[in-house]
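*Asks:* Since the structure of chain H is provided, determine the placement of chain R on it from the hints.
Chains H and R supply the protein sequences, listed in that same order.
Read in order, the letters of the first sequence are residues 1 to 117 in this note's numbering.
Read in order, the letters of the second sequence are residues 118 to 231 in this note's numbering.
If you are wondering where the hints come from, they were derived from the structure by calculation, not from laboratory data.
No experiment lies behind these values; they were computed from the predicted model shown.
Virtual Cβ for every residue (Gly too), placed ideally from N, Cα, C.
There could be a bad hint or two in this list.
[As the list claims (entries may be wrong)] What follows is a set of in silico ranges between Cβ atoms, one per label pair, in the way DEER data are often shown:
id, chain 1, residue 1, chain 2, residue 2, range
1, R, 134, H, 59, 45 to 55 Å
2, R, 134, H, 55, 46 to 56 Å
3, H, 45, R, 130, 25 to 35 Å
4, H, 8, R, 124, 42 to 52 Å
So the chains spell out like this:
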Amino acid sequence: QKEVEQDPGPLSVPEGAIVSLNCTYSNSAFQYFMWYRQYSRKGPELLMYTYSSGNKEDGRFTAQVDKSSKYISLFIRDSQPSDSATYLCAMSPAPNAGGTSYGKLTFGQGTILTVHP
Amino acid sequence: DTAVSQTPKYLVTQMGNDKSIKCEQNLGHDTMYWYKQDSKKFLKIMFSYNNKELIINETVPNRFSPKSPDKAHLNLHINSLELGDSAVYFCASSPRKTSTDTQYFGPGTRLTVL
Numbered sequence: 001q002k003e004v005e006q007d008p009g010p011l012s013v014p015e016g017a018i019v020s021l022n023c024t025y026s027n028s029a030f031q032y033f034m035w036y037r038q039y040s041r042k043g044p045e046l047l048m049y050t051y052s053s054g055n056k057e058d059g060r061f062t063a064q065v066d067k068s069s070k071y072i073s074l075f076i077r078d079s080q081p082s083d084s085a086t087y088l089c090a091m092s093p094a095p096n097a098g099g100t101s102y103g104k105l106t107f108g109q110g111t112i113l114t115v116h117p
Numbered sequence: 118d119t120a121v122s123q124t125p126k127y128l129v130t131q132m133g134n135d136k137s138i139k140c141e142q143n144l145g146h147d148t149m150y151w152y153k154q155d156s157k158k159f160l161k162i163m164f165s166y167n168n169k170e171l172i173i174n175e176t177v178p179n180r181f182s183p184k185s186p187d188k189a190h191l192n193l194h195i196n197s198l199e200l201g202d203s204a205v206y207f208c209a210s211s212p213r214k215t216s217t218d219t220q221y222f223g224p225g226t227r228l229t230v231l
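Just chain H, with the same shape it has in the complex (with noise of 0.2 Å):
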């Protein structure tokens, strides 16, 4: 079982439409949460990153995360075109944990997502 899980998808949903990308994780050391984006052909850029339980929201993206049940979404509000691209959820342990933890950020495999006019 991966440490990080995440529905690979497809989504496809039309212009508009509230979309929720969702990560479950089995690792309790977890405790800094980030949601990258990935355009076809590119690399990952940083979405939303949050420490603690609770929401967190960025124009029309929220972050939320779920510490007692390991589990972590993004939320897309107004989705558009533009939004259409590989969504990965990643984590990594609090970071004065040191040692092999550094910089160490485990991924899901990412959902992909396509938003159609």
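*Replies:* Relative to chain H, chain R alone:
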């Protein structure tokens, strides 16, 4: 200006060959990484260097050897290439080695082993 660049962008080669991929970052970051992304988009860390020192070395065949001549460059040499090495290899950098620093990814090198 390209922040993290990789060369070549595409690499097609035969099984058994040796090849290298180069990475450079102009962000002044201390830490650089190599990731492998397979055909199912699964992205997995391979190595990380901080100021030319190896700090992450995942379970990777020893046919893969990273080298960091200075903190702005991290190269990846692969010996005796196998079919299973076909993937997209991404280089990334971050200001420091802590996991909370944003990692900036290069455009990737698409390796195809025939």
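*Asks:* What hint numbers does the structure not satisfy?
*Replies:* 4
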